[in-house]
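*Asks:* The primary structure of each chain is shown beneath.
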Amino acid sequence: MAQTPKPEELAKIEHSPPLMEGWMDRPVEIREGFYCYGAKGKNLAAVGMPNPRDWNPADEDWKLPEDWKEIVLDGFKDRLDRFRSFKLFMDICVRCGACADKCHFFIGSGDPKNMPVLRAELFRSVYRKRFTTAGKLFGKLAGARDLEYNVLKEWWYYLYQCTECRRCSLFCPYGIDTAEITIIGRELTNLLGLNTDWIQAPVANCYRTGNHLGIQPHAYKDMIDFFVDEIEEVTGVRVNPSFNRKGAEILFITPSGDVFADPGTYTAMGYLMLFHYLESMGLDITWSTYASEGGNFGFFTSHEMAKRLNAKMYAEAKRLGVKWILGGECGHMWRVVHQYMDTFNGPPDFLEEPVSPITGTKFENAKGTKMVHITEFTADLIKHNKLKLDPSRNDNLVLTYHDSCNTARGMGIFEEPRYVIKNVCNNFYEMPSGTIREQTFCCGSGAGLNAGENMELRMRGGLPRANAVQHVHEKHGVNMMACICAIDRAALTTLMEYWVPEVQICGVHELVGNALILDGEKDRTTDLRGEPLPGMEDMEEEEDV
Amino acid sequence: MNFIISILFSGIVVSVLVLIPWVGVAAFDLRFLFGVVVPYLAMAVFFIGMVARVIGWGRSPVPFRIPTTAGQQFSLPWIKYSKIESPKGNGGVIIRMLFEVLLFRSLFRNTRLEYRRLANGPKLDYEWEKWLWLAALMFHYSFLVIFLRHFRFFMEPIPGFVHILEKLDGFLQLGVLPVSGLNVPSVFLTDMLLMLALTYLFLRRIYIPQTRYISLPADYFPLFLILALGLTGILMRYFIRVDITAVKTLALGLFTFKPTVPEGIGVIFFIHLFLISMLIAYFPFSKLVHMAGVFLSPTRNLANNSRMKRHINPWDYPVKVHTYEEYEEEFRELMIQAGLPVEKQPEKVEEQSEETGEKE
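Those protein sequences? They're chains Y and P, same order as listed. Using numbering that gives the first Met the number 0, count along the first sequence one by one with no gaps and you end on 544. Using numbering that gives the first Met the number 0, count along the second sequence one by one with no gaps and you end on 359.
Hints are computed from structural coordinates only; laboratory data are not their basis. Model, not experiment: these values are computed from the prediction. Some clues are possibly wrong.
[To be verified] Simulated restraints, written as ranges between beta carbons of each label pair: (1) Y:V27 <-> P:Y316: 33 to 39 Å; (2) P:Y316 <-> Y:I516: 47 to 53 Å; (3) Y:R52 <-> P:E126: 45 to 51 Å; (4) Y:T358 <-> P:P317: 37 to 43 Å; (5) Y:K62 <-> P:I94: 34 to 40 Å; (6) P:G10 <-> Y:P346: 53 to 59 Å; (7) P:H149 <-> Y:P346: 50 to 56 Å; (8) P:A51 <-> Y:G359: 36 to 42 Å.
Cβ coordinates follow ideal geometry from the N, Cα and C atoms, glycine included.
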């Protein structure tokens with residue numbers, strides 16, 4: 000694995016591309032630290048992907064089928080006919096450059112091919128050569144080039160350096176969305192078995208076991224049982240979640256990262272505590288081991304794979320006979336749920352329009368999909384004064400909030416999490432305006448890039464986010480950043496360790512769990528992480544003695 | 000190919016486009032060709048090309064509802080949602096599109112990265128940068144006004160809006176020379192703004208390292224072509240006067256499909272006419288199609304209502320999924336041991352299969 004440079008080294012970024020060179024004249028250089036390992040044959044085969052074999056991106060030979068060029072070009076043509084977005088975005092860019100310095104990967108790396116416009120030109124150049132008259136006639140003068148082995152490698156290298164965050168699409172005067180181009184470009188690479196293993200292994204796992212980490216049903220339950228013990232230790236209250244329970248009113252689905260990776264686990268405890276609190280007020284909710292993954296790495300593979308993995312949500316809701324689905328804190332899960340699920344696998348006519356059993360609120364915005372975001376659910380509870388909260392239990396925290404790209408620009412959920420945070424915490428500060436809400440910066444590790452071997456890329460891509468955190472850390476003493484995305488919780492933790500080690504990461508419902516006053520709880524001395532609560536620091540020390 | 004080659008190539012092509020009618024009319028007197036045939040051909044190419052383009056886009060469906068949400072979604076009744084930036088219905092989408100098309104809303108968001116390395120690490124700032132937006136707006140609106148002003152030549156009697164536009168456009172009452180009585184018309188503001196904006200857009204393209212790097216000949220060519228078009232227009236209006244009455248006769252003839260080429264029109268007019276013909280003929284095959292394409296952009300023209308209203312994918316097809324039954328089949332023992340409910344008990348499975356076996 001490549002050595003990741005120190006922050007001082009990494010910060011030496013040159014944003015000016017070479018003066019006298021055309022970008023087509025510079026062949027791709029596949030650099031260590033910037034790419035993920037190739038998908039393993041067994042993981043490709045597990046879900047019937049083409050060309051299953053082990054391969055290494057650093058090798059000269061990627062073990063492609065003889066007719067790889069034909070496969071890609073046919074696939075290209077097919078997608079031009081199936082996606083207006085793709086066709087339009089190949090045609091209408093004027094290269095105004097407004098997107099150039101909006102991409103976190105360009106900001107952090109200075110690699111000109113990470114400018115969204117140039118990332119797309121990698122494809123447009125081949126599009127012109129193969130599908131436009133001018134490109135066929137005038138070649139390079141018309142900005143056209145043919146698909147060669149090296150061009151395919153270049154595509155691959157940069158397709159897996161885009162996190163599909165859509166920040167560029169916000170600034171584009173025509174709404175050209177690089178995420179669309181990346182998604183479709185990755186579909187093309189997947190026609191040749193060129194996925195990364197960091198994406199393909201979770202896909203294979205999720206297909207078989209229901210979640211990315213390949214956790215089998217009993218182990219999933221074990222993990223939640225462990226949280227139950229932890230919660231009891233902190234609060235003295237034993238919560239009692241149920242699994243795969245038929246006849247429950249609501250099915251709860253959250254990314255498996257919340258169940259298996261710190262600090263997401265504390266968020267999972269927050270969910271458990273909230274559900275327990277609401278049980279006596281009429282909440283009837285179940286977890287599922289079959290639909291034990293909210294996230295969807297299929298979305299980073301192809302539309303078809305996204306649909307195949309997403310199908311479990313409605314299938315499980317139908318089998319269990321629930322009325323509606325509640326979804327946990329996750330970014331790309333919510334992009335898929337909000338913008339794709341009903342189209343993929345609907346209509347869910349076996350479900351009912353979601354109504355909060357506690358407040359009676361109809362979630363009109365989810366009346367089609369029948370799936371509600373947990374911050375919508377919790378914000379509604381707080382608004383109706385249904386939760387007894389003690390925000391002072393989060394007083395050791397000075398918070399900021401990171402809008403996850405997918406929930407920001409693919410959903411528009413901004414106020415709900417902020418409302419929850421402001422009701423469970425007393426110290427909250429926003430990051431600068433150009434770095435939050437719809438203009439939020441990606442963690443640098445989304446869309447299946449949160450591996451270990453591409454750490455330099457991740458730390459570079461996360462620089463704009465980290466820098467905004469550093470600003471509020473220095474100005475307001477922020478020491479905790481909340482987010483509603485499981486990949487964020489894992490990725491931002493690493494990012495903060497690298498750039499702003501004084502700041503930690505949490506989910507919004509971890510904060511809820513800390514503030515929520517459960518019936519019959521003991522006097523809490525620690526938060527869910529086992530850290531002493533404000534004013535209890537001495538007691539901890541006494542115990543230690 | 001570097002930017003100098005791109006600029007040279009585009010410059011040479013535009014120069015050739017200027018020379019063609021110049022030689023054609025001045026040396027070979029091909030007035031009918033350049034005054035009638037070429038403009039008609041160009042218009043045909045423009046209309047057929049643009050219609051084909053739009054139909055081409057239209058034939059590709061929009062399988063998923065993918066608006067870029069730039070504001071708070073509609074959710075709980077007490078949360079104020081952004082009706083324009085995250086519209087929940089078609090009304091909001093129409094307003095969003097109007098803002099986009101008429102005011103270049105997205106471009107207005109533009110910022111400029113300011114990257115510095117300080118003693119305690121890198122410092123990123125996102126600075127005010129509205130010049131691109133301003134120049135783009137200036138360019139497009141000037142072009143529109145100039146185009147509309149040209150209806151003075153296309154229609155008889157001259158429509159009222161042309162008079163109003165001319166009055167507004169000439170409100171500065173600037174003469175080219177500070178001498179009255181020379182019969183030099185007042186300067187139109189839009190002529191100046193157009194040239195200014197084009198010059199800025201060109202200089203910006205080569206000055207900013209990133210845009211210089213991404214620019215193709217196809218980016219310089221239309222800039223140069225429109226600059227040449229504007230320049231010939233300005234020359235004609237202020238400096239090298241042509242017989243306006245004759246020009247109008249020709250233009251009216253074209254627009255009423257009774258083409259005539261009156262005598263006595265200067266070559267400069269034919270150059271101007273040829274350049275606009277080239278511009279509109281080039282339109283459907285170039286990035287200039289963004290004019291029509293922007294209306295079709297799925298990240299802008301769709302409502303953020305996909306959890307309320309089902310969006311249909313016309314090419315949707317069934318896919319292979321891993322069913323719960325298959326899942327339970329693999330993990331049943333483990334699930335039972337962990338106390339998880341299962342659909343079928345192991346013994347029953349055997350019985351059932353025996354039963355079905357008998358029936359068969």
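*Asks:* Okay, which hints does this one fail, numbers in order?
*Replies:* 5, 8
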